[in-house]
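The chain contents come next:
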Amino acid sequence: MMIDSEARYLKTHEWAKKDGGVFVVGLTAYAIEQLGDIVYMELPEVGKELARGDAFGIVESVKSASDMYAPLSGKVVEVNEQVPDSPDVLKTDAYGAGWLIKIKAGDAAQFDSLMDADAYRKFLETEA
Amino acid sequence: MKLVFEKSVKGRRGLRIAKSDVPTSINLNPDLLRDKDAELPELSELDVVRHFTELSRRNFGVDTNFYPLGSCTMKYNPKVCERIASYPGFAHLHPLLPQLRSGGMLTQGALEVVYEMDMLLREICGMSAFTMQPMAGAHGELCGIMMMAAYHQDKGNKKSIVLAPDSAHGTNPASAAIAGYTVKTVPSDENGLMSIEALKEMLNDDVAGLMLTCPNTLGLFNPHVKEICDLVHSVDGLAYYDGANLNAIVGKVCPGDLGFDIVHVNLHKTFATPHGGGGPGAGPVGVVDKLVDYLPISTVIKREDGTLALDYNKSKSIGYIAPFYGNFGILLRAYVYILMAGKEGLQRVAENAVLNANYIKEKLKPYYDIEHGQVCKHECVFSATRQAKHGVHALDIAKGLIDAGYHPPTMYFPMIVKEALMIEPTECESRETIDAFIGAMITIAKKAETNPDELKAAPVTTPVGRLDETKAARELNIASL
Numbered sequence: 000m001m002i003d004s005e006a007r008y009l010k011t012h013e014w015a016k017k018d019g020g021v022f023v024v025g026l027t028a029y030a031i032e033q034l035g036d037i038v039y040m041e042l043p044e045v046g047k048e049l050a051r052g053d054a055f056g057i058v059e060s061v062k063s064a065s066d067m068y069a070p071l072s073g074k075v076v077e078v079n080e081q082v083p084d085s086p087d088v089l090k091t092d093a094y095g096a097g098w099l100i101k102i103k104a105g106d107a108a109q110f111d112s113l114m115d116a117d118a119y120r121k122f123l124e125t126e127a
Numbered sequence: 000m001k002l003v004f005e006k007s008v009k010g011r012r013g014l015r016i017a018k019s020d021v022p023t024s025i026n027l028n029p030d031l032l033r034d035k036d037a038e039l040p041e042l043s044e045l046d047v048v049r050h051f052t053e054l055s056r057r058n059f060g061v062d063t064n065f066y067p068l069g070s071c072t073m074k075y076n077p078k079v080c081e082r083i084a085s086y087p088g089f090a091h092l093h094p095l096l097p098q099l100r101s102g103g104m105l106t107q108g109a110l111e112v113v114y115e116m117d118m119l120l121r122e123i124c125g126m127s128a129f130t131m132q133p134m135a136g137a138h139g140e141l142c143g144i145m146m147m148a149a150y151h152q153d154k155g156n157k158k159s160i161v162l163a164p165d166s167a168h169g170t171n172p173a174s175a176a177i178a179g180y181t182v183k184t185v186p187s188d189e190n191g192l193m194s195i196e197a198l199k200e201m202l203n204d205d206v207a208g209l210m211l212t213c214p215n216t217l218g219l220f221n222p223h224v225k226e227i228c229d230l231v232h233s234v235d236g237l238a239y240y241d242g243a244n245l246n247a248i249v250g251k252v253c254p255g256d257l258g259f260d261i262v263h264v265n266l267h268k269t270f271a272t273p274h275g276g277g278g279p280g281a282g283p284v285g286v287v288d289k290l291v292d293y294l295p296i297s298t299v300i301k302r303e304d305g306t307l308a309l310d311y312n313k314s315k316s317i318g319y320i321a322p323f324y325g326n327f328g329i330l331l332r333a334y335v336y337i338l339m340a341g342k343e344g345l346q347r348v349a350e351n352a353v354l355n356a357n358y359i360k361e362k363l364k365p366y367y368d369i370e371h372g373q374v375c376k377h378e379c380v381f382s383a384t385r386q387a388k389h390g391v392h393a394l395d396i397a398k399g400l401i402d403a404g405y406h407p408p409t410m411y412f413p414m415i416v417k418e419a420l421m422i423e424p425t426e427c428e429s430r431e432t433i434d435a436f437i438g439a440m441i442t443i444a445k446k447a448e449t450n451p452d453e454l455k456a457a458p459v460t461t462p463v464g465r466l467d468e469t470k471a472a473r474e475l476n477i478a479s480l
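Each protein sequence line maps, in turn, to chains A and B. Per numbering that gives the first Met the number 0, the very first residue in the first sequence carries number 0; after that it's consecutive. Per numbering that gives the first Met the number 0, the very first residue in the second sequence carries number 0; after that it's consecutive.
Bound-form chain B, shown alone:
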């Protein structure tokens, strides 16, 4: 398919603008003016419509295909949530309105969404209060670690280390490092869980906290998680719950009950808001009592007369972490989703997400190696080591799946598993879809033995074939006009 620029024909126009009869005078400094006209594509309206319609047909998403991208929880986003988020009363609100004189009374509905969302997340996570501001999971992590730092500073604690297991998402060490901490990695034990013995050895008064994803990136729930939190508390450290995998336990287990002090929730994962391609996400952060004072400003509070207002009066707050109140449209969609599902519905989300992952794990076990084959939670991590002996690597299997009409699983992560293929089906998929996916994975496993070259040449059904990732990374060449 040609680029829109390549389709350009000199002089062709979508519309013709009448010559202006208003005299113009441009007083810009000549240095700021173009020497020649911008090279924009010259096309008719029909050319443009066909071009973008053709592009849109090549979209791949949850609305078109199964998307088992491990750790990303690519669940279906119910259309009713989109519908409500598009209501003009929400969509057309100006974010400054609640800060204007009397503007608060015109935004009670929107403030109530934020306030109620805070209340719902408190109940789901067992936290004392939430900030809705962070605009992604990693942003929530940074916000959480900044509060951790503020807490220790306030207490006069001199601490410089944040711990994270070797199975952690890369965002954990990155967030802690950006907040100024030195990150130390806690190794996993033979069961794929963070080693308690190693943790005990690494814990000392210099440890500010531990960041833990539970279930972890192998999809395994750590049965010692309460003991782990207690250990962290014994050195006045804080236990951070990375909510990336909350979908596995939502409504079933409360992170606060396990002893966590800070929780971030990826609304765009667990609560079914759109994501992929960089956003928009939302990563609200909840904290226990002793950290409430450090939450970012503003928060929505309820006055004695029942009206809602923004509260900026927090002297210990870490300040602004984002403009306004976070990605309001995403909060709204997640709010609708939670209300629709209700408590029982959310519990069934977790149950079915776990059931689907275990079904796939058991069905594919005869065909793919799995290092930690015990009962998993919402995702399972295979290892393409058996296929690699025939020269077919995780990457080739992923590309083969594209030809079969599936989005590839997450590859080469977590890094503690060789040739990792991390599959997360979510609760949304039907038995038929999952069986068809399993069939495609089995076909690929057989092909790896009988016809590895076909997989190494995949994908062949896509607009572009196998991309040269090495060249793309080594020779950065960002096109400019």
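Excised from the complex, chain A in its bound form:
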């Protein structure tokens, strides 16, 4: 699945989804395909306060190293420690088992201002 219809997106290819009272954040399947094999990933500590647009981690592939940006402001309440150890899960399930962090958002309305699936699809067409 290249795009998850339930997720909202950033132009820098991060997604966010509502999960009860928190927001789950990850990298889009498109980003993972573009990056190539991922060899290293750095995720934040639980408890870190993020402002929207802050770099929350680093992803390094055989091609490049990039920051990953927070789609919403808030506190990191959970981190998926499995992914840095076995990054191949990103290839198979970017929007599920490949989630990266969960954020308790200060302002849930920020979610609505992110690109929806259709807007992200159109954005990808202009990228390609």
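If you are wondering where the hints come from, they were derived from the structure by calculation, not from laboratory data. Beta carbons are placed, not taken as given, at the ideal position from N, Cα and C, and that holds for glycine. Any given hint might turn out to be false.
As the list claims (entries may be wrong) - To give a feel for the contact side, a few chain A residues facing chain B, derived at Cβ under 8 angstroms:
(1) 36
(2) 38
(3) 61
(4) 62
(5) 63
Claimed, not checked - When the alpha-carbon atoms are kept at most 16 angstroms apart in a straight line, the in silico EDC-like pairs for lysine to aspartate or glutamate are as follows:
(6) A:10 x A:126
(7) B:417 x A:126
(8) A:10 x B:165
(9) B:470 x A:87
(10) B:183 x A:53
(11) B:417 x A:32
(12) B:388 x A:32
(13) B:470 x A:59
(14) B:470 x A:84
(15) B:470 x A:36
(16) B:183 x A:66
(17) B:417 x A:124
(18) B:388 x A:124
Based on these hints, arrange chain B on the given structure of chain A.
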């Protein structure tokens, strides 16, 4: 080919050392002694000579093949520069000699090389003074940003941000971060140049400076560069010129005239000294008047009687950035190169580097996509998006070039270009060599459509085939003995 350890035969020797008739006594703590002998390869002299001769035949370099590695300026290193650097009067000097009593008089020649190099770089870059100490471009960046920090601290400026465009070399944000700054990225506009509008929005009193490569990593000269420097100055920021791409404009444009305050020069790029494989490099840094006091110690000064000496008397200096005076042998080679080329010669370097890159760009345009196809400077960046539709990516094209006898271009950089292939031919190559390279690129473009599997299997002509980069990065296993 076997490793030298695999060729080892127990008991074989290159030479036999007579038994020592001098009594020995070892008073080392037993914890420090080996339990068993080191496992060194046991071979005859001929075995060793053949082994290393065979390895040396596999060397790939500018002396054997075309090396269009974008952003690295892999130009030919004239042999006369090597010859002069090997003169015993230079090569055998001890670096402490000028600091010894009367030692300065024995090192006037070497000090003059450093002093004159400073003068030449001042003229080339339009700066007030240079330090020769930094041993690489990135080292020069760090040195430059440390001076930037010292300047702001001295003025009582509270600044925490350094700006760099999204096309910057990764060393820019890394250098600024190591010097303690927060780095913010300025996006590029649709022409592939740093967006002035975005810069204006990001500029405020918290900005310590901007790091800019010009021409940038797309090989494009920013026509607004003077305005950009003025904008940075308007918030008392400093404009840093990353000299990685100086080869495109050397002798033609003076970074100081454009408004830059700090300049680093990669001598190993623009001034043809050996590099690749990690060095040795040299990254002298020049500054304008208001920053001269912060230069590292020591610098070479001329006394009233005309003799040269090292000056350590700089209370505002950022201190030592490297031992002694930098990579002296590299400074010397670059000095010879500059004197040989002269002003007109350096201008022709820039002209031919730009001509060669544009020739390649125009010839390959029908076969490869290029996002920013305007006239470029010393390098051009193609995008393998057309080939990627057939499953052939920039990496596969690079590997295919290896089979054709060429060093691959820089790949996947700058990151703002998808499937980037960054080609920098330098001024050194003949029309015949460049035409042959273009022919190889066209053959590969056709193969991408007709026989993509062949490219995906490349290289097949090398001692080892396609390496598993992912495994190498994920499962670090450094052999130890």
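Take a quick look at whether residue 10 of chain A and residue 126 of chain A sit within 16 angstroms of each other, Cα to Cα. Holds, at about 10 angstroms.
Residue hint residue 61 of chain A, partner chain B, criterion CB-CB below 8 angstroms: holds (4 angstroms)
Sort out whether residue 124 of chain A lies within 16 angstroms of residue 388 of chain B, counting only the CA atoms. At roughly 15 angstroms apart (the allowed maximum being 16 angstroms), residue 124 of chain A and residue 388 of chain B satisfy the hint.
Could you grab the alpha-carbon distance between residue 183 of chain B and residue 66 of chain A and see if it respects the 16 angstroms cut-off? holds (12 angstroms)
For the pair supplied as a hint, residue 470 of chain B and residue 87 of chain A, is the alpha-carbon distance within the 16 angstroms limit? holds (12 angstroms)
For the pair supplied as a hint, residue 470 of chain B and residue 59 of chain A, confirm whether the alpha-carbon distance does not exceed 16 angstroms. Holds, because 14 angstroms separates the two Cα atoms, which is no more than 16 angstroms.
Straight-line Cα separation of residue 388 of chain B and residue 32 of chain A no greater than 16 angstroms? holds (14 angstroms)
Run the distance test for residue 417 of chain B versus residue 124 of chain A: straight-line Cα separation, threshold 16 angstroms. With a Cα-Cα distance of about 14 angstroms, the restraint between residue 417 of chain B and residue 124 of chain A holds, given a limit of 16 angstroms.
For residue 417 of chain B and residue 126 of chain A, compute the direct alpha-carbon distance and say whether it is at most 16 angstroms. holds (9 angstroms)
Is residue 470 of chain B within 16 angstroms of residue 36 of chain A, Cα to Cα? Roughly 10 angstroms separates the two Cα atoms, so the pair holds.
Is the hint on residue 36 of chain A kept, meaning its closest Cβ partner in chain B is under 8 angstroms away? holds (4 angstroms)
Using 8 angstroms as the Cβ threshold, decide whether residue 63 of chain A counts as touching chain B. holds (6 angstroms)
Against the hints set out earlier in the document, no violation occurs for any number.
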